[in-house]
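In case you want the letters, here they are:
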Amino acid sequence: MTESLLAVRGLGKHFVSGNETVPVIDKLSFTLGQGQSLALTGRSGSGKSTVLNLLCGLELPDAGTIVMHGQVFEAGGAATRQKAAAWATLRRQHIGVVFQEANLMPALSLLENVRFRAQLAGRDAANSEDWLTRLGIGELARRYPDQVSGGQRQRAALAMVFAMEPALILADEPTGSLDRHTADEVIQALFELQARYGCSLILATHDAELAAGCQQHLDLGHLSAL
Amino acid sequence: MKALLSHYRRHPLQLMALAVMIVLATMLWTGVNHLTSQARASLGQSERAVTERQQVVRSDGQALVIEDFVALRLAGVCVMPWLEVTPETGSRLVGIDPLAAHCFGAGTGASQVLDQPLDGKPFVDMHTAAGISARESRLYLLAPETTRATDLPGGYHLKTFLTGPDTGELGDSFLLNLEALGVLVLLITALLLRSVYLLGLAQRRDSFALLHRFGVSPGQVQRWLVLEILVLALVCVVPGVWLGRWLAAGLGGGFGKALDGLFDIPLYAGQGQGWITPVLVMLGVVVIACLGDLLLLRFRDRLSLPVPVRAGLAMAMLVAGLVMAWLAPSLPWVFVAVALVFAGAGWLTPAAVAHLAHWRANRSSASLALWRHRELAVLVRRLTLPLVALQFALAMVLAVQALVTTFESTFDRWLAQRLEAAYYIEVPAGANSKKADEWLTSQQESVPGLRWHRVIRGRAELAEAERPQVDVFAVAPVGSLIRAWALLEATDQPWVALASGAGVMINEQLARRQNLGVGENVPLILGGQPTALPVLGVYPDYGRPAGEVLLSAKTLPDSFNIRFESFSVTPGEPGIAHITDALEKIWGVEALSLRDNGTVQALATGVFDQTFALTRAITLLTLILAASALLMMGWVFFSTRTWYFQLLVVWGLPHRVAAGQLLRLALLLTGGIAVLALPLGIWLTWVLVHRINPLAFGWSLPMAVYPLFWLELAVLSLAVGLSIAALMRRQLRRPAVAPVSASALTGGER
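As they're listed, the protein sequences go chains A and B. Following the numbering used here, the residues of the first sequence are numbered contiguously, the last one being 226. Following the numbering used here, the residues of the second sequence are numbered contiguously, the last one being 1750.
Keep in mind that a hint or two might mislead.
Ranges between beta-carbon positions, derived for each pair [as the list claims (entries may be wrong)]:
hint, chain 1, residue 1, chain 2, residue 2, range
1, B, L1708, A, G12, 58 to 64 Å
2, B, W1359, A, G12, 23 to 29 Å
3, A, G221, B, R1213, 28 to 34 Å
For the record, the hints were derived by calculation from the structure and aren't laboratory data. Note that beta-carbon positions come from the ideal geometry of N, C-alpha and C, so glycine has one too.
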């Protein structure tokens, strides 16, 4: 059994719509070991993105506990500011987030984006160009995001994430806006590098084929939709 | 159409804000424009009424009575009675005889002569004026230009007729000031409209993209947008014009008093522009401000030039404008120069700032600083038009504020200089002023507090090739009344030297024109006798185009042709009656022409304060509008960048740090605008006071800069930056889920 990087116990989150309280996540529990991958599946509105936001501290849960990288985050209670600061540190140094689109700063070149992310994480930014090369876009390093294709932008986003040497990658439909062929290339690169560098991965997707590439599978489809 | 308008169904407040902005913008501009055109019309009318006129006066200095009118008419002299009446309460009225108006070439009466009906202030029928219970009344007999001194019977002579103090071209200059304010208000209101409209457009971009996907062409969307804004403008502009006229009428009372007091110009009701011009102008402004980008979009490719060519062209325009403004021989060239400088600066500024930001970014070792500078370059490039427009607006506010304040201090000093004594007594024609001089000298010791001097006015020539004429202002004794004058430069003990006849003082205009300084000799021909006297001092002489020499009356030769004489008197304890009674006896006249300078000064100061308070209020309003425009546009454009600040939070920067980055960017952007507006504003001030004013009116206002205004604008700009950051902070707190606009997805907002 690998060492546990992430443990989620009884996680709950609801949103208020008018006078109605709508539960999105209810009593969700799972663990993820170091270097393991987990696919979060479910139909639109099942709460995949919300779970990812909770797991990186962009949103705070209403119930449950998250143990991430040795730090325990209980739902509710005071000290919200300290929690936010602790989550920010985790995101900066240990959690790489990849969205479906718009992961790059448009005013910076691909290389500058990668350097920026590495520097923020406190890693050596000298390898930034290598990461772009490893992802097959080394020759595009000095181009700006609007000068490359969607697939190349997602590769650059992955380069950014790997350049920060994360413990956990949270990928929210990372190939959702790409054609099948490009999506396959990007997801293959993601799985390869994740396996090679031993970081954990949580992949939110509605694509069963992509989910099959992960070691674990958690279906949120049975939960109530927002 | 329904889909397009659904935005306003979901955001009714935005539609209301846009409508209110159009109404307010129209109201403000129409109000200022209406006041200016009213003032211009009144000034023109007043000038037509009183210029080029002369009056017949009695040679013995006595006041004119109805028998004089009869005597002149019997002698065949065509004169028009002008009865000036100051009622117990209310403003001054003028009674005229319409039948006598034919003297001035009008066939059917004074209404044509004066270009207005005889049914209200200030002109009424002679009969009406004579029937009013008056505090003071005086009869003048106006003669046409064609009347010569030889036409008059014995005992009468001709004299220039002026209804008020001659303020030179201050009136015209004041109107120029108002015109500048009108242009400023138009620019600011256009900006404000644009900012509100762009706010709506930014929120509707996704809807437009959706419509495009549904098969609606961009051209169709544009046409509907044009129609939408035209309908909205039509609905809002008309009430705006009505409100503007109402505002002008409301301000007109104070404004009219100001004009009347300052320039003796009554503000007539019912003048100014009609409805069509303001409605058309504001419709044009609304359409251009809101849809200018859309309309120009199709010509963009044809109009675009390579960056180096554009930069070179802009630099050439800027340099040409600066040189032309310096050397321009006439007013049109100065205006061309101003346009060139503004166009050049407007073209260069954003590119230069973006370039500077890139340069700083490339020298930043920290990625966050690199990103911030790049982001600044993006903001500057994306906000080119509104930034440049705001830079112009701030520069114009700076210039107009400086001009107004300069005017205010100029008027104050002009008043203090001209009205130093408590009373001003005109020496009647034919009266012996030396006798009065002797009597006043004899009273000097016995009357405590008596201060006075005799003023002799005339002309002299400069002993140069073209023999240019200068005014002579001779006083004696050179006492404490005149010694209070401020001097721009002077020798040691200048007033003592002047009293002893050791030299002269000259006004600023003469010093500038002849390039004369203290210690240099002024070659004069006084009463036909050449003389050269050293300059003891240079005094400011506001608003007069003519050069003037101030000297002791003792130094005037007997041959000097005296054109006018008066006494300036502060009577001390016994009061003015003691003086006037004595002078009436000495000169053998029933009444003296006496002016109470204290009352005039109090009235004028009150009126000036009111005038400048009005100008300041309008300037303040434009400043608030400029700040609002800056705030709204900044907010709109920062909103489109929210995602990138949220991305910083996703990447692990605490909210506080991301908000700090936003604050720094907002302050850099808005503070930068103020800094860039500063040199342009100072240059524009210089152009207004040193180029436009002298070329338009023949004299220059003192060039003064007011660092307090700079500070005001800097504080205002920084406050706007802080407000943008505060508004954006709320948006940053929302969870990061998606970029705001579709183009952000592809990184297109670079």
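Hints, one by one, checked against the model:
A C-beta distance of roughly 59 Å is found between L1708(B) and G12(A), which places it inside the suggested range of 58 to 64 Å. Our hint of 23 to 29 Å for W1359(B) and G12(A) is violated, since their Cβ atoms are close to 52 Å apart. Separated by about 29 Å at the C-beta atoms, G221(A) and R1213(B) satisfy the suggested range of 28 to 34 Å.
Of the numbered hints given earlier, the model fails hint 2 alone.
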